[in-house]
Every structure is written in structure tokens, then in C-alpha cells.
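A.B. asks: Required output: the full structure, derived from the provided sequences and hints.
As a plain string of letters, each chain reads:
There are 2 protein chains.
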Amino acid sequence: MMNYPNKKSTYNKKPIDYGNRGMTLEEDINISNRYYLENDIAIIYKKPTPIKVVNVEYNKRVNTKIKEAYYEIPSTTDYNGIYKGKYIDFDAKETKSKTSFSLNNIHKHQLEHLIRVKNHGGISFLIIRFSTINETYLLTTNDIEYFINNNDRKSIPIDYIRKYGYIINSNYYPRLEYIKIIDMIINEY
Amino acid sequence: MMNYPNKKSTYNKKPIDYGNRGMTLEEDINISNRYYLENDIAIIYKKPTPIKVVNVEYNKRVNTKIKEAYYEIPSTTDYNGIYKGKYIDFDAKETKSKTSFSLNNIHKHQLEHLIRVKNHGGISFLIIRFSTINETYLLTTNDIEYFINNNDRKSIPIDYIRKYGYIINSNYYPRLEYIKIIDMIINEY
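Chains as they are written, first to last, in the working numbering: chain D, 448 to 636; chain W, 448 to 636.
What the hints contain is simulated information worked out from the structure, not anything from laboratory work. Owing to the predicted nature of the structure, the values given are computational and were not obtained by experimental measurement. It is possible that some hints are incorrect.
A pair holds if it fits inside one copy or across any two, identical chains being indistinguishable in the list.
Derived pair list, reagent style DSSO-like, types lysine-lysine, alpha-carbon separation capped at 30 Å [stated by the list, open to error]:
id	residue 1	residue 2
1	LYS512	LYS545
2	LYS601	LYS555
3	LYS507	LYS540
4	LYS565	LYS555
5	LYS499	LYS514
6	LYS543	LYS493
7	LYS565	LYS514
8	LYS512	LYS555
9	LYS565	LYS531
10	LYS507	LYS543
11	LYS627	LYS499
12	LYS512	LYS543
13	LYS545	LYS507
14	LYS507	LYS555
15	LYS565	LYS545
16	LYS493	LYS627
17	LYS610	LYS545
18	LYS499	LYS540
C.D. replies: Below, the structure written as C-alpha cells:
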């Protein structure tokens with residue numbers, strides 16, 4: 448016998464929460480970037496993960512097989528591209544904390560890279576998701592720098608991020624409308 | 448007995464040819480990019496090669512070892528970054544031909560990407576090296592598009608590249624002064 452859905456079971460189902468269907472922040476950003484690309488809005492890609500290849504096996508019949516390799520620490524951020532003629536550069540970070548974002552999540556050279564890009568006229572930032580409470584923010588490099596230069600704390604309290612960051616809404620498509628925030632940032636400058 | 452250099456042997460040595468010491472175009476560009484970065488001129492990186500990881504071995508004592516992986520075709524170009532606030536995007540291609548650059552060297556999606564970037568206000572181009580005759584050119588996406596739209600040929604003759612492209616000089620440091628060419632392109636727009 449087939450199980451057809453009936454009104455009762457549908458009624459009892461929780462409404463679909465588009466904001467949190469178990470997708471990682473990275474998946475959400477990749478889906479959004481594909482949307483922006485297909486609609487000719489922005490050209491933003493995730494860089495491949497750097498991998499150090501140690502040993503390969505050549506085989507005429509199939510593709511070269513990598514037999515030994517190791518993940519490397521990226522020297523820059525994960526995402527970059529162009530929007531409205533501007534250079535965009537950012538990284539995405541997820542934390543389970545409900546209260547703060549630990550600066551240990553950013554590599555020193557990643558922060559240096561974000562600051563360098565900002566100084567060269569690019570738009571650089573972090574997208575930070577507090578996954579437990581499902582809140583996602585865009586925090587500009589300026590505001591990260593300001594916090595670091597004026598605090599001894601090794602983590603940014605969520606109140607600071609709520610005050611100075613921009614909340615990013617989760618939609619069905621694009622998943623994370625972070626380009627809208629970039630529009631606001633461009634208009635502020 | 449040690450062999451000390453003497454005047455005669457030094458005299459007989461060929462002068463150092465900075466333009467061609469067996470380095471690949473990729474090595475030359477990477478060295479130039481490091482120079483531009485260290486001197487705070489431009490922030491341009493080569494993207495990591497995309498690799499599809501199939502099988503890994505976790506080990507608490509050492510780094511995760513990738514046991515099976517394969518090279519993937521990149522969806523964009525190899526290099527991007529920012530210079531004078533502008534988004535820069537390009538690929539580097541070497542050919543042994545002395546007479547032409549085959550368009551088979553560019554993947555269709557790479558060309559589409561270069562055109563898309565140009566249309567969004569970025570500066571996109573190819574760096575093409577004729578390694579046999581050691582001539583390196585910057586050819587803008589505009590000039591590549593123009594050739595493709597007005598020719599049925601599947602390779603761009605070197606005369607076209609000499610006429611419309613910009614020759615890039617090889618120096619000691621930076622190896623390839625392609626940023627100077629970008630300055631010229633910016634001033635032309």
C-alpha cells in the first residue's frame with residue numbers, strides 16, 4: 448500500500464524553515480554565488496582548497512591519479528570576484544557559540560589580506576554565522592580592525608556584531624542575499 | 448684541487464639572459480606577483496589547482512592524508528586580484544609555436560569568464576608566451592573577442608598579437624612587468 452499524504456499529516460508538519468535546513472554556510476554561499484552568476488549580477492567564486500600533491504600515478508587509460516597529498520593552509524580568503532566593477536573579497540566563518548566570535552577563527556594572514564584589499568580600494572569582509580541561533584552577519588574589515596585596535600579581547604561579542612555588522616537574510620533563492628548588503632556598503636562610501 | 452673561476456672562463460661565459468633562464472611562464476608570474484605584493488603595488492594570486500578528493504585517511508598523529516584524488520578542469524582563470532581598486536583577472540598560456548596561438552589553448556568557459564569579467568568592469572586578458580622565440584604578450588579580452596568575431600581561423604596569428612597585444616618585458620625583478628601594461632590599459636579607457 449502506498450502512503451499518500453493526508454491533510455492531517457501535512458498540518459502536523461512543521462513549516463519549512465528556509466533559513467535553516469541543515470545546509471552549511473559554505474553551501475549557502477555557493478548556491479547564492481551561482482544565482483548571482485546565472486543572473487549576471489556578480490561574478491564571485493570560491494577558490495579551490497590548496498592541496499600539496501606529493502605522489503601521483505600516471506596511467507594512459509585514465510586520468511592522472513593523485514596517490515598522496517595533504518591539505519594546506521590557504522594564504523588568502525576563500526571567496527573573491529567582481530560586483531559593479533568593484534573587487535570583492537571575503538571569508539565565511541561558522542561558530543557554534545551563541546555569545547561571541549573568537550578571533551582564533553581568522554588566520555593572521557587572512558586578516559592581513561582583508562586589510563590589504565581594503566587599503567587597495569576593494570570591498571572586504573567576513574560572513575559570520577552563529578549556527579546555533581541561526582543568525583548570519585556581514586562584518587566589514589573596517590569594523591573588525593576597529594574592534595581589534597580598541598580591545599584586548601580575543602573574541603568579538605555578538606552584541607558588537609549585531610550593532611556594527613549587517614544581518615543577512617536567508618531566502619529561498621538566493622539563499623543569502625549578501626549582495627544587497629554590499630550595495631549598502633558601496634552607497635555609504 | 449678546487450676549480451677556481453678565472454678571468455678567461457668568466458669572459459667566455461655567455462652573458463646572463465634574464466629573459467630566458469628556463470623558468471616557466473607560471474613561475475615568472477608568481478615571482479612578479481610576490482614582488483607586487485611585497486611592494487604593496489597589487490594583490491594578485493594564483494588560484495590553487497582544483498582537485499577532487501575521493502579518499503582520505505584520518506590519522507591523529509599526522510595531517511589528514513589524501514589517498515585518492517584527481518585533477519579537475521578549472522571553471523575560471525588562474526589569476527585574479529586587485530590593482531588600483533580595479534578587479535584584475537587573467538590566464539597565462541605558453542605555446543611552442545612560432546607563428547600562432549591556437550584557440551584550443553583556451554577552454555570555452557575560460558573565455559566566457561574573461562568576457563563576463565570585462566562586461567562587469569574588470570580588466571581581463573591573457574598573457575601569452577611564445578616560448579620558442581621567448582616573446583610574451585598581454586592580449587586583452589576585447590582583442591581576443593574581436594579576432595574571434597571576425598575570423599574563422601582557430602588560431603590567432605602572431606602578427607595579430609604583435610599588432611594588438613602589448614609586449615611584456617622580462618626583467619630581473621619583477622620578472623614580468625605586466626602591471627605597467629595594465630596602467631596603459633587603464634589610461635586608455
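A.B. asks: Each hint needs a verdict: does it hold in this structure or not?
C.D. replies: Status of the hints after comparison with the structure:
| no. | hint | result |
| --- | --- | --- |
| 1 | LYS512 x LYS545 | neither (43 Å within a copy, 33 Å between copies) |
| 2 | LYS601 x LYS555 | within (13 Å within a copy, 47 Å between copies) |
| 3 | LYS507 x LYS540 | between (41 Å within a copy, 24 Å between copies) |
| 4 | LYS565 x LYS555 | within (16 Å within a copy, 33 Å between copies) |
| 5 | LYS499 x LYS514 | both (11 Å within a copy, 12 Å between copies) |
| 6 | LYS543 x LYS493 | within (23 Å within a copy, 32 Å between copies) |
| 7 | LYS565 x LYS514 | neither (40 Å within a copy, 39 Å between copies) |
| 8 | LYS512 x LYS555 | between (34 Å within a copy, 25 Å between copies) |
| 9 | LYS565 x LYS531 | both (16 Å within a copy, 11 Å between copies) |
| 10 | LYS507 x LYS543 | between (47 Å within a copy, 23 Å between copies) |
| 11 | LYS627 x LYS499 | neither (37 Å within a copy, 32 Å between copies) |
| 12 | LYS512 x LYS543 | between (37 Å within a copy, 27 Å between copies) |
| 13 | LYS545 x LYS507 | between (53 Å within a copy, 29 Å between copies) |
| 14 | LYS507 x LYS555 | between (43 Å within a copy, 25 Å between copies) |
| 15 | LYS565 x LYS545 | within (29 Å within a copy, 42 Å between copies) |
| 16 | LYS493 x LYS627 | both (19 Å within a copy, 29 Å between copies) |
| 17 | LYS610 x LYS545 | within (15 Å within a copy, 61 Å between copies) |
| 18 | LYS499 x LYS540 | both (23 Å within a copy, 23 Å between copies) |
Hint compliance for this structure: hints 1, 7 and 11 are not met, and every other hint is.
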